[in-house]
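Novice: For reference, the chains in residue letters:
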Amino acid sequence: MKIQSVKDLEKISREYSTSLYHPEYVKVNIGMASCGIAAGAEAAFNTATEAFADDKAVHIGQTGCIGYCEMEPLVEIFSGGTPRVIYKSITPDKVLDAISDYQNGIDQKKWVLGQMRDPRSLLEDEIDNPLAKVAPFEAIPFLEDIPFYKNQVKIALRNCGYIDPDCIEEYIAKKGYFALLQVLTHSEPGKVLETVKSSGLRGRGGGGFPTGIKWATCAKHDGDRYIICNADEGDPGAYMDRSILEGDPHSVLEGMLLAGYAIGSSQGYIYVRNEYPLAVKRLVTAIKQAEAYGLLGNNIAGTDFRFNIRISTGAGAFVCGESTALMASLEGNVGRPRAKYVHTVEKGFRDSPTNLNNVETYANVPAIVLKGAEWFAGMGTDHSKGTKVFSLVGKIKNTGLVEVPMGISLREIAFNIGGGVPKKKVFKAIQTGGPSGGCIPERFLDLPVDYQKLAEVGSIMGSGGMIAMDQDTCMVDVARYFMDFLKEESCGQCNPCREGIKQVLDILTSICAGKGKEGDIELLEELGSMIQKFSLCGLGTSAPNPVLTTILYFRDEYEAHIRDKKCPSGVCKALFHYEIDADACTGCRVCARKCPQDAITGEKKKAHELNQDLCIKCGICYDACKFNAIAIR
Amino acid sequence: MNQAIPLESDTETEVDFMELDTIIEDEFGNNKENLIMILQAIQRKYNYVPQPALTYLSAKIGIPYSKIYGVATFYSTFSLEPRGRNIVSICLGTACHVRGGERVRERIQESLEISDGQTTEDQRFTLESVRCIGCCSLGPVVKINEDMHGRISSDQIDRILDQYE
Ligand SMILES: Cc1cc2nc3c(=O)[nH]c(=O)nc-3n(C[C@H](O)[C@H](O)[C@H](O)COP(=O)(O)O)c2cc1C
Ligand code: SF4
Ligand code: FES
Chain D
1 MKIQSVKDLE KISREYSTSL YHPEYVKVNI GMASCGIAAG AEAAFNTATE
51 AFADDKAVHI GQTGCIGYCE MEPLVEIFSG GTPRVIYKSI TPDKVLDAIS
101 DYQNGIDQKK WVLGQMRDPR SLLEDEIDNP LAKVAPFEAI PFLEDIPFYK
151 NQVKIALRNC GYIDPDCIEE YIAKKGYFAL LQVLTHSEPG KVLETVKSSG
201 LRGRGGGGFP TGIKWATCAK HDGDRYIICN ADEGDPGAYM DRSILEGDPH
251 SVLEGMLLAG YAIGSSQGYI YVRNEYPLAV KRLVTAIKQA EAYGLLGNNI
301 AGTDFRFNIR ISTGAGAFVC GESTALMASL EGNVGRPRAK YVHTVEKGFR
351 DSPTNLNNVE TYANVPAIVL KGAEWFAGMG TDHSKGTKVF SLVGKIKNTG
401 LVEVPMGISL REIAFNIGGG VPKKKVFKAI QTGGPSGGCI PERFLDLPVD
451 YQKLAEVGSI MGSGGMIAMD QDTCMVDVAR YFMDFLKEES CGQCNPCREG
501 IKQVLDILTS ICAGKGKEGD IELLEELGSM IQKFSLCGLG TSAPNPVLTT
551 ILYFRDEYEA HIRDKKCPSG VCKALFHYEI DADACTGCRV CARKCPQDAI
601 TGEKKKAHEL NQDLCIKCGI CYDACKFNAI AIR
Chain P
1 MNQAIPLESD TETEVDFMEL DTIIEDEFGN NKENLIMILQ AIQRKYNYVP
51 QPALTYLSAK IGIPYSKIYG VATFYSTFSL EPRGRNIVSI CLGTACHVRG
101 GERVRERIQE SLEISDGQTT EDQRFTLESV RCIGCCSLGP VVKINEDMHG
151 RISSDQIDRI LDQYE
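So the protein lines, in turn, are chains D and P. Heads up: the first sequence at position 520 corresponds to 520 in the numbering used here, and the numbers run straight through without jumps. Heads up: the second sequence at position 58 corresponds to 58 in the numbering used here, and the numbers run straight through without jumps.
It is worth saying that the hints were derived from the structure and are not from the lab. Worth double-checking, as some hints may not be accurate.
To be verified - Not everything, but these chain P residues come out facing chain D in the computed CB check (under 10 Å):
{"#": "1", "residue": "K32"}
{"#": "2", "residue": "I36"}
{"#": "3", "residue": "I38"}
{"#": "4", "residue": "I63"}
{"#": "5", "residue": "L92"}
{"#": "6", "residue": "T94"}
{"#": "7", "residue": "H97"}
{"#": "8", "residue": "R103"}
{"#": "9", "residue": "S137"}
Remember, it's a predicted structure, so these values are computed and weren't measured experimentally. The beta-carbon is built from N, C-alpha and C at its ideal position, and this holds for glycine as well.
My request is simple: use the sequences and hints to build the entire structure.
Specialist: Structure (structure tokens):
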């Protein structure tokens with residue numbers, strides 16, 4: 001069937017909202033994004049599918065990731081007329097028990113994350129809450145009330161974890177492709193440009209350029225215009241793009257279609273990083289399904305509009321996330337950025353006008369078109385509208401993906417949503433913006449999330465990686481880590497970047513090895529400002545950020561390394577050793593059993609001793625001790 | 001991105017040119033723009049990119065060998081040397097790094113007696129590092145072939161490696 005009108009969409013929507021909201025069977029949705037699969041979701045899915053192969057009363061399905069990755073595998077169970085309950089940490093051995101527990105009215109309250117109050121997305125406000133007449137389970141919290149979800153507003157992630165990503169009809173049932181059909185039948189391209197412009201949407205890939213302005217400029221230039229989606233997601237520690245592609249690929253396709261219509265383009269490309277095979281697989285399925293419904297290809301929805309999307313994969317080069325390098329790579333070349341005297345909206349891919357946006361940027365567009373620019377612009381701050389997805393990772397209790405309104409404070413994200421640092425350790429900093437960003441210390445945590453505000457403290461919004469660091473993270477080592485990363489990833493064509501980063505890395509490496517000298521900090525600052533000023537592309541100009549912000553906020557750590565030859569966090573091996581605190585040691589023998597070097601000896605229930613000559617500082621004892629008896633000296 | 005490149009053509013791998021031709025022609029339409037994806041397909045087939053395949057590719061799609069070589073060495077996914085039966089990819093992304101990824105790498109290196117990018121003598125393991133696999137919530141993460149091992153600590157390494165022949 002080829003979809004021709006909104007009516008056709010409504011018909012599919014009605015049909016599938018039954019299986020989505022009111023199934024006559026027990027529906028078991030297993031979160032099967034890469035993160036869930038890594039935690040055991042696929043094995044759980046196979047176990048459950050096999051067990052209920054002949055049972056029509058139970059249906060096992062898959063969804064993307066609902067964000068709370070710490071608790072994966074997550075399994076949602078419900079039926080029409082009974083509450084929707086989400087079970088946490090359901091490994092393959094527990095999945096059958098969880099299903100029967102649900103059927104028995106829930107005895108294992110410990111296994112339950114929560115129940116949903118309302119499964120609708122922001123786009124479905126004209127239908128009634130399917131759970132309005134369902135009596136909730138007693139003594140089980142609502143998902144929407146638990147701290148992790150309480151302050152989240154899901155626009156880009158609106159369907160992730162709620163639909164089967166391999167099923168276009170479920171996307172349609174959540175108001176998918178309605179924006180496209182509405183625009184094709186009722187709006188001029190110029191009106192779409194105007195909507196995106198006045199929504200205030202800014203690029204979510206890092207730079208934060210106003211999306212509407214980019215689209216309008218591209219539309220002005222003549223030629224075979226191209227629409228490209230940047231799914232290279234290079235920031236190590238950010239995975240929102242992966243999650244959107246794996247959990248709701250059609251939202252990205254629809255966003256690209258809308259861009260194609262607004263800008264006047266008939267060809268789209270998605271450049272996906274090589275490390276994301278599942279995202280590619282789901283995209284391929286999604287494109288085929290959209291083609292079958294006539295939502296991609298020629299004469300889309302019976303109009304003259306024609307648009308195709310192809311997928312291309314990267315090959316492991318961070319710099320290919322940069323716009324001009326990405327386009328060079330798409331052309332089959334080495335991914336080296338070029339100077340942007342002429343912008344890519346004028347001459348980009350194949351020297352034609354090209355519009356490049358990030359995955360999350362596109363995923364926002366259908367919602368903006370459907371709900372209006374004012375609705376979107378009503379959220380956030382003066383300069384930053386709407387929401388932003390962050391991957392909350394590192395030393396944080398509730399790791400996962402969170403989508404929050406712009407303007408919320410970093411503290412709110414790290415402590416209320418993220419639950420703070422685990423194991424009673426002390427929070428130290430939050431790193432945003434990946435290798436181009438900076439480390440923000442505790443005292444700035446009340447800063448609102450906003451493009452300008454983050455830039456004022458030396459970091460950037462970036463693509464949304466948010467890495468929490470605690471007392472065990474050495475900030476000099478973090479700076480060294482990023483420089484090591486960037487040295488590998490610099491394309492090497494300009495001197496300041498190639499040689500400058502290498503010099504910075506050499507200095508940091510020697511500081512970490514205990515060979516730091518007076519004057520090193522000043523030299524780092526000088527080199528940093530040189531690299532910033534004279535590099536060609538964004539990789540180079542932002543490369544010194546991690547070093548400069550750590551010097552600015554954690555100078556004492558640099559000084560401890562250089563002057564006192566100490567690494568207070570116990571990371572730089574040449575600059576610390578472990579000792580057993582005899583007062584705290586209970587003689588439980590856990591460390592002695594785990595030490596791979598047999599460096600720890602002592603009798604049960606008596607304070608142990610650590611032989612420095614044998615110790616390789618692997619940290620196994622430090623991590624294993626429950627009594628804080630292993631001290632860093 | 002700098003790898004040691006064997007310049008003399010290696011004789012170990014037999015490249016089936018007929019098959020290679022099918023990949024280039026049928027799957028990728030003989031198109032220069034598809035160079036990176038063709039190289040990926042070759043690597044999937046042989047587990048690395050054999051030198052004779054590069055020479056053939058150059059003649060076939062009309063890109064100078066020097067350029068193909070440039071592309072194959074620029075992108076870190078490509079290996080121009082044979083790799084082991086099991087590929088151990090240790091994540092050194094930021095999230096894994098702050099959770100002790102470096103220590104996990106040290107343990108693996110000690111255990112296998114090879115360093116990053118090398119292959120064990122018995123061809124059992126090749127050790128590679130990657131910068132984020134997108135499973136940061138499970139850090140530190142090690143991927144062996146297609147299996148993901150999350151939240152690992154250095155004392156579990158030997159037990160995990162033992163599962164792979
Ligand atoms: C070194 C470097 C790496 C980048 N990596 C990415 C990336 O992985 N994903 C992304 O969307 N943008 C990345 N960008 C930003 C892109 O150049 C570009 O600004 C962005 O994709 C535009 O889309 P947006 O306006 O929707 O954000 C990178 C930029 C630089 C300089
Ligand atoms: S700044 Fe660095 S990555 Fe960018 S073009 Fe120059 S050398 Fe290449
Ligand atoms: S940082 Fe290791 S998976 Fe992302």
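Novice: Hint by hint, say whether it matches the structure.
Specialist: Hint-by-hint comparison with the structure:
1. Restraint check, P/K32 versus chain D: the minimum CB separation of about 5 Å is within 10 Å; hint holds.
2. With its C-beta approaching chain D no nearer than about 5 Å, P/I36 sits inside the 10 Å limit, and its interface hint holds.
3. Using the Cβ-Cβ criterion of 10 Å, the hint placing P/I38 at the interface with chain D is satisfied: the shortest such distance is roughly 9 Å.
4. Given the 10 Å rule on beta carbons, the hint for P/I63 holds: about 8 Å separates it from the nearest Cβ of chain D.
5. Taking 10 Å as the C-beta cut-off, the interface hint given for P/L92 holds, the closest approach to chain D being about 8 Å.
6. Satisfaction of the interface hint for P/T94 is found here, the shortest Cβ-Cβ separation to chain D being roughly 4 Å, below the 10 Å cut-off.
7. The closest approach between the C-beta of P/H97 and any C-beta of chain D is roughly 5 Å, which is under the 10 Å cut-off, so the hint is satisfied.
8. Nearest Cβ of chain D to the Cβ of P/R103: about 6 Å, under the 10 Å cut. The hint holds.
9. For P/S137, the shortest C-beta to C-beta distance to chain D is roughly 3 Å, which falls under 10 Å, so the interface hint holds.
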